[in-house]
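Trainee: So the protein lines, in turn, are chains Y and V.
Going by the working numbering, the residue at position 199 of the first sequence is 187; the numbering climbs one at a time, nothing skipped.
Going by the working numbering, the residue at position 251 of the second sequence is 253; the numbering climbs one at a time, nothing skipped.
Treat the hints with care, since some could be wrong.
As the list claims (entries may be wrong) - When the alpha-carbon atoms are kept at most 30 angstroms apart in a straight line, the in silico DSSO-like pairs for lysine-lysine are as follows:
id	chain 1	residue 1	chain 2	residue 2
1	Y	K37	Y	K49
2	V	K41	Y	K37
3	Y	K49	V	K187
4	V	K120	Y	K37
5	Y	K6	Y	K37
6	V	K278	Y	K116
7	V	K349	V	K41
8	Y	K86	V	K187
9	V	K41	Y	K86
10	V	K251	V	K349
Bear in mind the hints are in silico, worked out from the structure with no lab data behind them.
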Amino acid sequence: MSFHPHIEYATFHRSERKLAELGDEFRYTSEHQAIFDELVTHYPPDQRKSAILYALFLVQKQQGYVSGASMRFVAEQIRCTPAEVEDVVSYYTMFYTKPVGKYVLNVCRTLSCALLGAERVTEELSAKLGIAPGQTTPDGMFTLMEVECLGACDRAPVLMINDDGWHERLAPEQAGTFVDDLRARGYAALTGCHLHVEKK
Amino acid sequence: MAYEPVLTNHVREPNAFTLDFYLQKARGYEGLRKALTLKPNDIIEQVKASGLRGRGGAGFPTGLKWQFVLKDTPKPKYIACNADESEPGTFKDHVLMERNPHLLIEGCAIGCYAIGAKVAYIYIRGEFLHVQETLERAVAEAYRAGHLGKNIYGSGFDCDVFIHRGAGAYEAGEETALIESLEGKRAQPRLKPPFPAVEGVYNCPTAVNNVETLCNVPLIVLNGPEWFAGLGPEKNGGPKLFCISGHVKRPGTYEASMHTTLRDLVFGDQYAQGMKDGRAFKAIIPGGSSVPILLEKDLDTPASFDHIQKAGSLLGSAGLIVMDDTVCMVWLAMNLLHFYRHESCGKCTPCREGGDWLYKLLQRVERGEGQMKDIDLLFGVATNIVGKTLCAFGDAAATPVLTTLNHFRNEFEAHIHEGRCTLPAQWRAKGPMLAGAH
């Protein structure tokens, strides 16, 4: 019996090893291979493992997610075991082990953004797209994600789109039109998250 | 006398991030030139005399940290710059790296020279790709102009700066977890000692410094330690960046001296300009989500490491989160515990299991299904996390619960008595989906 019978605790971090699907055979394009080979030189020769996060980002850039086959490929590149790669992939939130939509909408849900309506933004996006956080629309266009603090709390509520697009101060009422705008115009619909003095 | 910004004075000017701008307008790389004419130990002494304290959260004197870096060893030494800015409410390094990247690069180079390192790694969080691009451009410019690389200014000093991208882990902001992540592993903390100054990156002596800390170093070398110390209260010298977010009219990053009071920062015209929508002030978290709450009565405290500590909280990373009277404190604790539960690296049991347990208890109270004994249980679980983990994360995760119980126990009791949330604000989720479904 649980120490505290009313609450089922210790379920969140329960160790569950879910092997990623192997997927198609994976190799870097020659361009990505060249980038990786350069990045490895930033670290001492016996410390290739330091480049593992970069190696995985390159995988994700190339095929959108990290498959089992690509983990094996990265293990060969890094010269470590596939289990070590899996260990890293399963820890960091920015790696996806399943295909995601063209636009991953990462809504910051932590305090500063929540105080200014981030929960409502997620609800509105969810209603507009017809999916719950963590899911992808059937047409493969959008994945909705709730993420923890993105480090841009003065522009709350903040969204990160994929890992390179930002949209700041999205009012919940604008969430629907924002989705339409993003679908129509792509990244041109985003405000960015810069002190973009040069563009003003 | 009005305070003149020295770290962020040019950030809103066009092309402030370029090398040309930095050289012409900001005495760029003069600090490094001067540093290379001094002995490394003299620089450490200057930084010690300036009283510069780490800007990442702990406020540890930077000069001492550098002095502790093991000297008599054949191993290489490293600077690891902590640019993993992920403490909720903090976004100061974001501005510095995006608009004044050369100042950081210069700080890294001086730091390397001072401790005898040849390589600095800037560990930047994976979400800051747009910042990383600016930083990479700046590093490339610095190499081309001979401010980095081999035999800088003919002094015989070599220095490389590399940028290392993280991939989404709050815990990577802890210094030993950052080192683990830099080595290509899960970002989980190490047992200390040995401290990074003895065994850090690749088990070599390492100084781990925050972005803002390193940005202050060129200014100290250039203007002298007395100038730096004179900018703030005793032992709290230098410029400080304050990140103000939440229910204020003008959230943003503001540079001020640590003489400035919390009230000025929240209500002052040149800072956040007071509460949004004319609401009443309720509470402030003065140093990122990991520190205790302060109330209206504490607002006249100067925002310095020592003053805030005396008032019962911590300056931490100087992320000020301001809350108006629509904020339910049970909800606040629940929101933050969702964060800590998710970000716990899982290495130490009290934090991994306790965080989840606290979150579930808070959920139950927030939904109005709690019992009075849950309050004691919350207190008991939280106090059993504090001090029982390898890193400060455990204490940080327990803090939102302990501080809300301390100041707002009546709100917890009201939830339990009335069987519902007594302060359901308009800006919170309307449906059940986000009210703790996951």
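Trainee: Now, for every hint given, state plainly whether the structure supports it.
Mentor: So, going through the hints one by one against the coordinates:
Under the criterion of a C-alpha separation no larger than 30 angstroms, the hint pairing K37(Y) with K49(Y) is consistent with the structure, at around 19 angstroms. Note on K41(V) and K37(Y): the hinted pairing is violated, with a Cα-Cα distance of about 35 angstroms set against a maximum of 30 angstroms. Using a Cα cut-off of 30 angstroms, the hinted pair K49(Y) and K187(V) holds, with the two alpha carbons roughly 21 angstroms apart. The straight-line distance between the Cα atoms of K120(V) and K37(Y) is roughly 20 angstroms, inside the 30 angstroms bound, and the hint therefore holds.
With a CA separation close to 23 angstroms, the supplied pair K6(Y) and K37(Y) stays within the 30 angstroms bound. For the given pair, K278(V) sits about 29 angstroms from K116(Y) by alpha-carbon distance, which is consistent with the 30 angstroms threshold. A threshold of 30 angstroms between alpha carbons decides the hint, and for K349(V) with K41(V) the separation of about 42 angstroms lies outside it, so the pair is violated. For the given pair, K86(Y) sits about 21 angstroms from K187(V) by alpha-carbon distance, which is consistent with the 30 angstroms threshold.
Proximity of K41(V) to K86(Y) is assessed by CA-CA distance (about 54 angstroms); at most 30 angstroms being required, the pair is judged violated. The suggested pairing of K251(V) with K349(V) is violated, with an alpha-carbon distance near 40 angstroms, which exceeds 30 angstroms.
Consistency with the previously given hints fails for numbers 2, 7, 9 and 10, ordered from lowest to highest.
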